[in-house]
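Engineer: Next come the chains, spelled out residue by residue.
Protein chains: 4
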Amino acid sequence: MSSSRRYTLSLSCPDRVGIVAAVSGFLASHQGWITEANHHADADSQRFFMRQEILADSLPFGIEALRDKFAPIAAEFKMDWRISDSARKKRVVILVSKQEHCLYDLLSRWHADELNMDVPCVISNHETFRGFVEWHGIPFHHVPVTPDNKPAAYAKVAELFREAEGDVMVLARYMQILSPELCENYPGQIINIHHSFLPSFVGAKPYHQAHVRGVKLIGATCHYVTSELDQGPIVEQDVIRIDHSDSPDDLVRYGKDIEKAVLARGLRYHLEDRVIVHGNKTVVFR
Amino acid sequence: MSSSRRYTLSLSCPDRVGIVAAVSGFLASHQGWITEANHHADADSQRFFMRQEILADSLPFGIEALRDKFAPIAAEFKMDWRISDSARKKRVVILVSKQEHCLYDLLSRWHADELNMDVPCVISNHETFRGFVEWHGIPFHHVPVTPDNKPAAYAKVAELFREAEGDVMVLARYMQILSPELCENYPGQIINIHHSFLPSFVGAKPYHQAHVRGVKLIGATCHYVTSELDQGPIVEQDVIRIDHSDSPDDLVRYGKDIEKAVLARGLRYHLEDRVIVHGNKTVVFR
Amino acid sequence: MSSSRRYTLSLSCPDRVGIVAAVSGFLASHQGWITEANHHADADSQRFFMRQEILADSLPFGIEALRDKFAPIAAEFKMDWRISDSARKKRVVILVSKQEHCLYDLLSRWHADELNMDVPCVISNHETFRGFVEWHGIPFHHVPVTPDNKPAAYAKVAELFREAEGDVMVLARYMQILSPELCENYPGQIINIHHSFLPSFVGAKPYHQAHVRGVKLIGATCHYVTSELDQGPIVEQDVIRIDHSDSPDDLVRYGKDIEKAVLARGLRYHLEDRVIVHGNKTVVFR
Amino acid sequence: MSSSRRYTLSLSCPDRVGIVAAVSGFLASHQGWITEANHHADADSQRFFMRQEILADSLPFGIEALRDKFAPIAAEFKMDWRISDSARKKRVVILVSKQEHCLYDLLSRWHADELNMDVPCVISNHETFRGFVEWHGIPFHHVPVTPDNKPAAYAKVAELFREAEGDVMVLARYMQILSPELCENYPGQIINIHHSFLPSFVGAKPYHQAHVRGVKLIGATCHYVTSELDQGPIVEQDVIRIDHSDSPDDLVRYGKDIEKAVLARGLRYHLEDRVIVHGNKTVVFR
Numbered sequence: 001m002s003s004s005r006r007y008t009l010s011l012s013c014p015d016r017v018g019i020v021a022a023v024s025g026f027l028a029s030h031q032g033w034i035t036e037a038n039h040h041a042d043a044d045s046q047r048f049f050m051r052q053e054i055l056a057d058s059l060p061f062g063i064e065a066l067r068d069k070f071a072p073i074a075a076e077f078k079m080d081w082r083i084s085d086s087a088r089k090k091r092v093v094i095l096v097s098k099q100e101h102c103l104y105d106l107l108s109r110w111h112a113d114e115l116n117m118d119v120p121c122v123i124s125n126h127e128t129f130r131g132f133v134e135w136h137g138i139p140f141h142h143v144p145v146t147p148d149n150k151p152a153a154y155a156k157v158a159e160l161f162r163e164a165e166g167d168v169m170v171l172a173r174y175m176q177i178l179s180p181e182l183c184e185n186y187p188g189q190i191i192n193i194h195h196s197f198l199p200s201f202v203g204a205k206p207y208h209q210a211h212v213r214g215v216k217l218i219g220a221t222c223h224y225v226t227s228e229l230d231q232g233p234i235v236e237q238d239v240i241r242i243d244h245s246d247s248p249d250d251l252v253r254y255g256k257d258i259e260k261a262v263l264a265r266g267l268r269y270h271l272e273d274r275v276i277v278h279g280n281k282t283v284v285f286r
Numbered sequence: 001m002s003s004s005r006r007y008t009l010s011l012s013c014p015d016r017v018g019i020v021a022a023v024s025g026f027l028a029s030h031q032g033w034i035t036e037a038n039h040h041a042d043a044d045s046q047r048f049f050m051r052q053e054i055l056a057d058s059l060p061f062g063i064e065a066l067r068d069k070f071a072p073i074a075a076e077f078k079m080d081w082r083i084s085d086s087a088r089k090k091r092v093v094i095l096v097s098k099q100e101h102c103l104y105d106l107l108s109r110w111h112a113d114e115l116n117m118d119v120p121c122v123i124s125n126h127e128t129f130r131g132f133v134e135w136h137g138i139p140f141h142h143v144p145v146t147p148d149n150k151p152a153a154y155a156k157v158a159e160l161f162r163e164a165e166g167d168v169m170v171l172a173r174y175m176q177i178l179s180p181e182l183c184e185n186y187p188g189q190i191i192n193i194h195h196s197f198l199p200s201f202v203g204a205k206p207y208h209q210a211h212v213r214g215v216k217l218i219g220a221t222c223h224y225v226t227s228e229l230d231q232g233p234i235v236e237q238d239v240i241r242i243d244h245s246d247s248p249d250d251l252v253r254y255g256k257d258i259e260k261a262v263l264a265r266g267l268r269y270h271l272e273d274r275v276i277v278h279g280n281k282t283v284v285f286r
Numbered sequence: 001m002s003s004s005r006r007y008t009l010s011l012s013c014p015d016r017v018g019i020v021a022a023v024s025g026f027l028a029s030h031q032g033w034i035t036e037a038n039h040h041a042d043a044d045s046q047r048f049f050m051r052q053e054i055l056a057d058s059l060p061f062g063i064e065a066l067r068d069k070f071a072p073i074a075a076e077f078k079m080d081w082r083i084s085d086s087a088r089k090k091r092v093v094i095l096v097s098k099q100e101h102c103l104y105d106l107l108s109r110w111h112a113d114e115l116n117m118d119v120p121c122v123i124s125n126h127e128t129f130r131g132f133v134e135w136h137g138i139p140f141h142h143v144p145v146t147p148d149n150k151p152a153a154y155a156k157v158a159e160l161f162r163e164a165e166g167d168v169m170v171l172a173r174y175m176q177i178l179s180p181e182l183c184e185n186y187p188g189q190i191i192n193i194h195h196s197f198l199p200s201f202v203g204a205k206p207y208h209q210a211h212v213r214g215v216k217l218i219g220a221t222c223h224y225v226t227s228e229l230d231q232g233p234i235v236e237q238d239v240i241r242i243d244h245s246d247s248p249d250d251l252v253r254y255g256k257d258i259e260k261a262v263l264a265r266g267l268r269y270h271l272e273d274r275v276i277v278h279g280n281k282t283v284v285f286r
Numbered sequence: 001m002s003s004s005r006r007y008t009l010s011l012s013c014p015d016r017v018g019i020v021a022a023v024s025g026f027l028a029s030h031q032g033w034i035t036e037a038n039h040h041a042d043a044d045s046q047r048f049f050m051r052q053e054i055l056a057d058s059l060p061f062g063i064e065a066l067r068d069k070f071a072p073i074a075a076e077f078k079m080d081w082r083i084s085d086s087a088r089k090k091r092v093v094i095l096v097s098k099q100e101h102c103l104y105d106l107l108s109r110w111h112a113d114e115l116n117m118d119v120p121c122v123i124s125n126h127e128t129f130r131g132f133v134e135w136h137g138i139p140f141h142h143v144p145v146t147p148d149n150k151p152a153a154y155a156k157v158a159e160l161f162r163e164a165e166g167d168v169m170v171l172a173r174y175m176q177i178l179s180p181e182l183c184e185n186y187p188g189q190i191i192n193i194h195h196s197f198l199p200s201f202v203g204a205k206p207y208h209q210a211h212v213r214g215v216k217l218i219g220a221t222c223h224y225v226t227s228e229l230d231q232g233p234i235v236e237q238d239v240i241r242i243d244h245s246d247s248p249d250d251l252v253r254y255g256k257d258i259e260k261a262v263l264a265r266g267l268r269y270h271l272e273d274r275v276i277v278h279g280n281k282t283v284v285f286r
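Residue numbers (full-length UniProt numbering), protein chains in the order written: chain A, 1 to 286; chain B, 1 to 286; chain C, 1 to 286; chain D, 1 to 286.
Among the hints, a few may not be true.
No copy is singled out in the list; a pair is fine if it fits within one copy or between any two copies.
As the list claims (entries may be wrong) - With a straight-line cut-off of 25 Å between C-alpha atoms, the simulated SDA-like cross-links for lysine to any residue are:
#1 Lys281 - Pro72
#2 Lys69 - Gly25
#3 Lys69 - Gly18
#4 Lys98 - Trp135
#5 Lys69 - Ala112
#6 Lys90 - Gly279
#7 Lys89 - Gln176
#8 Lys281 - Ala204
#9 Lys205 - Asp42
#10 Lys69 - Leu229
#11 Lys90 - Glu134
#12 Lys205 - Glu76
#13 Lys78 - Ile242
#14 Lys89 - Ser247
#15 Lys89 - Pro248
#16 Lys78 - His126
#17 Lys89 - Asn185
#18 Lys281 - Asn38
#19 Lys90 - His208
#20 Lys150 - Leu251
#21 Lys281 - Val212
#22 Lys205 - Asp148
#23 Lys150 - Leu229
#24 Lys205 - Trp110
#25 Lys205 - Val143
#26 Lys78 - Asp15
#27 Lys156 - Tyr269
#28 Lys89 - Ile240
Worth flagging that the hints you see were computed from the coordinates, not collected in a lab.
One chain only, chain A, in its complex shape (with noise of 0.2 Å):
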């Protein structure tokens, strides 16, 4: 991250001529120093994607008028769109279960500033990880879940959620499937790590069914949580090569290599604003 303060402008619309004229023709006329910009056009359905990254100190106002000085615009061409304030970091409330790389993972990224996020609070089915967390001065909640208390376990982490005015929920390793009401409640602000190379592997134990299919890769996928079990938009993917001498152990452990990055880099596209969900897909503008 770049230490100056940026604007970033992220739209959909439907496709025709003049969008990028009429956009970066606003921002011309305010001085607007664009440092960063994608576009994308989805030739199926017609619709055009657009992320604009303006240095902050080159417009002659604040961030609301950017916003009441855009809006006409963004009438006109009936946009969905945000502008977000790099200076006002996203809320990322961590969930956790009893696996520790993702956790150590995200909180180095945390710790060295690399990823422009507060986090403020771990939640959590163990005690497992309270003192590590306590220990970088983050509030730890346990909120056990058993089969028996799951709305009301789930209604816990809302709250608490809500409490933290949290703005994304990462899965970090949490092993609990949430509830349905909590994904449709949350759309595009909860992000999970699948320890397979989605669409295959649904479901429990993937890295068992990867041995017994005899696969010679195995991957993690970080997705948006929907209402359905491992089918919401994918964020990003990756893979490492395994062989035939591998046992499943073996590949519990060198999937963790690839599940903590490739949550790393989705939550980072997630926190700069690059990623605009599309139906059940995704346009990561990297």
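Using the hints provided, position chains B, C and D relative to the given structure of chain A.
Structural biologist: Only chains B, C and D this time, still in chain A's reference frame:
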């Protein structure tokens, strides 16, 4: 391939103490010089796999005597085994349709003597590559396949394969589904390249399926053909990164590069007796 | 390649506010439909780079009128610029020696119409591939190179390139070092594939150098040729994993797969005007 | 790591017929159950390398008796050899400076018991990570290094390493160049992670060097430290793709992900006795 003549012993048997000692003791007693050795013990099935490359000139006898002398050890340990001779190139019959990438790639490697194979003929359901194949001095057979003539067509393919004294049939994007009889008559001898990262996207138009699902990597799979479509033992796989801006046509184009690379690697493993089929999986001693 | 005709505008100029607005405003004013757009601002040099693909049919005039109308904007912003037409395929003269892998790969892609190019001729210092090239209907020129005839030989190569009205010369493992004059006469028009991951292992026998150093990956580099050996602007690179068991001959064999893939990608970027040279580096809008 | 106790025999010796037979015959005569075996014959030096993992419980005696009984065979074949015991975890002293990514990654793996090691202490030239390390129950030593105190500082490091009964020293982005004496006193025992794909970009600020040269991939190298800077035997390497839009700061950020992955893999190979140093190269039995 080193130019020195090698005998390759590959085997599998129930695992127990003393297999390596017996085999290596046998070879050492005849001054056999081992140039490459690989072992694998499968924990689930308690089966042991082994491959040994021996310098032919280091032995005081030929391959037939080697087989005779080794047979009692093989019997004692209940081995499935074979010994091949690098001086006897495997005969590879290539089946193609109208796409050139795998055919050009295989013939380029054949021309460079990079793969230890002879190509006694190429079979196609189209005339497209007759001139190209014949320019290389390789016979070309046109066997049209229509919805009505399939049994006769595949009988013709099998007949040409027998006449060519083929060891292995390579479906280099052949685009036709062989008959179950043909598949069952040549287990472990028919190699296919499927244009997806199996088990994802079985069957037709996998790149279009991948585009619809919005995956971030696409792949290819080299596998032995069985009578169940795209379900045979996997020999080799690989993937390539794509993004939202890639159309299905782009995926087809990128995919070609992975297909030809994966097929060539899988075929090389087969030609060098590096692959041992084990149930529906493979041990590949790379 | 989409089959629709495109004009591609690529440019660089000193960075300032309003460049995108001016260009996109100009295109929109003529109903130009942008199918792909990329920008880059180089922080060190304060230079701006841009590439726009425009649907030819969306404009009410042809490429000459487009150039005329755009010229005043280009002058205002002090742009280095060009507009190319996808209907006018670039003419690629391929230079080879005795190795086949890059030649087969390029002609396979040419045969499949996968690269938007014509191949007016192939030039070689050996007769090896005359038959193969001529089978494709492409003229083949044998220009022997000896220690004594180099100036004459390269003068002949340059003459053939001019006569062929070549746009770009591709050294597809040509194995000869061109004369400084030739390199300087065609800046950004001669593409080489070097068989190492530059800047490691400049010069001769890079795979042997890699073997001696004990690296765990080997690579290939596609770059524009300058008069300094292996020092020109890099267009594309890739690597492949090796290990201690690989001999220099194995590295040569593995390396071929990377060489042809990297050369094909680099050439495609060049043919689609995705590469802008900037000092001794490149901007590549993939 | 499987939880079963293993003895690992690793050796090198002049190549000749009968080595494998002698070793495997010896093990079989004592009912030794081999769980993993690897061989390598180096053609240039005519030297043979071998690694055998034996199930400890399969032998009727302990490691000392194993060593005693094996010694005559070792002498006969002039072997450099060692036998290690998985129940005796190697003691890894980690040296860090102010960057957290490798330290978090290693301690995450230590916490998960993924690497077969103890960490008797962490040494740093800064106080930054005292709290983090001590939270894990690991002693932390602050040894400041200034231009004036280097001999004393490195003497202190050596003393702490001895007191900790360290087996291996890991420079986890330590950012200091050890004294030649220290390097020479612990050959094959000091592991460094260098932030470039060696031999490119030796020395300081390799990411900036990479940015200036305009490479398209950056890498990291795990190697044993010798008294020649960045010239020691390479254990593991990997790369990551970058492009023109990445600033030196971006390269630093991307590079971290490769550094920690490559260091963790290299360290695991070392801890499992998979690495045999051979001149300035390594045999790595993965």
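Engineer: Does each hint hold? Answer for all of them.
Structural biologist: Okay, the hints, checked on the actual structure:
1. Lys281 - Pro72: Neither, since 28 Å and 42 Å both go past 25 Å.
2. Lys69 - Gly25: both (13 Å within a copy, 19 Å between copies)
3. Lys69 - Gly18: both (18 Å within a copy, 18 Å between copies)
4. Lys98 - Trp135: both (17 Å within a copy, 18 Å between copies)
5. Lys69 - Ala112: neither (36 Å within a copy, 50 Å between copies)
6. Lys90 - Gly279: within (24 Å within a copy, 39 Å between copies)
7. Lys89 - Gln176: So Lys89 and Gln176 fail the 25 Å test inside a copy (27 Å) and across (34 Å) alike.
8. Lys281 - Ala204: Close inside one copy (23 Å) and across copies (21 Å); limit 25 Å.
9. Lys205 - Asp42: between (35 Å within a copy, 20 Å between copies)
10. Lys69 - Leu229: Close neither inside one copy (41 Å) nor across copies (55 Å); limit 25 Å.
11. Lys90 - Glu134: within (20 Å within a copy, 30 Å between copies)
12. Lys205 - Glu76: Neither way: Lys205 and Glu76 sit 49 Å apart in one copy and 39 Å across, limit 25 Å.
13. Lys78 - Ile242: neither (48 Å within a copy, 29 Å between copies)
14. Lys89 - Ser247: between (42 Å within a copy, 22 Å between copies)
15. Lys89 - Pro248: Result: close only across copies, 23 Å inter versus 39 Å intra.
16. Lys78 - His126: Cα proximity of Lys78 and His126: none, with 46 Å in one copy and 51 Å across.
17. Lys89 - Asn185: Classified as within: same-chain Cα gap 22 Å, cross-chain 49 Å, threshold 25 Å.
18. Lys281 - Asn38: both (17 Å within a copy, 22 Å between copies)
19. Lys90 - His208: neither (36 Å within a copy, 30 Å between copies)
20. Lys150 - Leu251: The answer is neither: 30 Å in one copy and 42 Å across copies each exceed 25 Å.
21. Lys281 - Val212: This pair counts as between: shortest inter-copy Cα distance 8 Å, intra-copy 29 Å.
22. Lys205 - Asp148: Classified as within: same-chain Cα gap 23 Å, cross-chain 44 Å, threshold 25 Å.
23. Lys150 - Leu229: Cα proximity of Lys150 and Leu229: one copy only (16 Å, versus 42 Å across).
24. Lys205 - Trp110: between (29 Å within a copy, 24 Å between copies)
25. Lys205 - Val143: For Lys205 and Val143, the Cα distance is within 25 Å only inside one copy (24 Å; across copies 46 Å).
26. Lys78 - Asp15: within (10 Å within a copy, 31 Å between copies)
27. Lys156 - Tyr269: neither (28 Å within a copy, 44 Å between copies)
28. Lys89 - Ile240: neither (32 Å within a copy, 27 Å between copies)
Hint violations for this structure: numbers 1, 5, 7, 10, 12, 13, 16, 19, 20, 27, 28, all remaining hints satisfied.
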